[in-house]
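Peer 1: Sequence:
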Amino acid sequence: MTFAPDAARGLRHVFVRGLTVQARLGVHAHEEARPQRVVIGIDLAVRDEAAPAGEGTDEIARVVDYGAVAATARRIASAGHVRLAETLAERIALALLTDERIATVRVSVEKPDVLEDVTSVGVAVERTRF
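Mapping of the sequence shown onto the working numbering: position 16 corresponds to residue 16, and the numbering continues sequentially without gaps.
It should be emphasised that the hints constitute simulated quantities derived from the structure, not laboratory data.
Mixed in with the good hints there might be a few duds.
[Unchecked claim] Estimated spans, in silico, between C-beta atoms of each pair:
#1 63 / 84: 14 to 22 Å
#2 101 / 124: 19 to 27 Å
#3 34 / 119: 33 to 41 Å
#4 115 / 87: 42 to 50 Å
#5 71 / 115: 25 to 33 Å
#6 10 / 36: 18 to 26 Å
#7 129 / 27: 24 to 32 Å
All values reported here derive from a predicted model rather than from experimental measurement.
Virtual Cβ for every residue (Gly too), placed ideally from N, Cα, C.
Please model the complete structure; the sequences and the hints are all you need to start from.
Peer 2: This is the structure in structure tokens:
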């Protein structure tokens, strides 16, 4: 699935980029003992009831609130030690899919301070409402 807005399919693209948190993430003992910088990215394909030709009401209740999306990811990332970046990304994705307006979610989890000669390492997962 593409995350580009698609009026014909009634979808908009909502995203959160570069959400930086301190999380205990990884398989090594020092990663369990101390939080490290983790960068989360979220892309959502969200149903847009006003598409393709209309304009919806200018009310927060009709849209997915990206502040709430970020808060959900922050809460899950800080909830305790997680061994795998894949697991963290999946937990965030599944939590966001509880909002029935969200058709598909992609979550990336990056660890920028793991290898000194690379910008970051990480994973991206995608989950879809069926």
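Peer 1: So, for every hint listed, does it hold in this structure?
Peer 2: Cross-check of the supplied hints:
Roughly 32 Å separates the CB atoms of residue 63 and residue 84, a value that falls outside the hinted 14 to 22 Å. Checked against the hint of 19 to 27 Å, the C-beta distance between residue 101 and residue 124 comes to roughly 22 Å, which is consistent with it. Taken as a hint, the range 33 to 41 Å is violated for the pair residue 34 and residue 119, whose Cβ atoms sit roughly 21 Å apart. Between residue 115 and residue 87 the beta carbon distance is about 20 Å. The supplied range of 42 to 50 Å is therefore violated.
A hinted range of 25 to 33 Å for the beta carbons of residue 71 and residue 115 is consistent with their spacing of about 30 Å. Restraint check, residue 10 to residue 36: a C-beta distance of roughly 40 Å breaks the suggested window 18 to 26 Å. For the hinted restraint 24 to 32 Å between residue 129 and residue 27, the CB-CB distance of approximately 31 Å keeps it satisfied.
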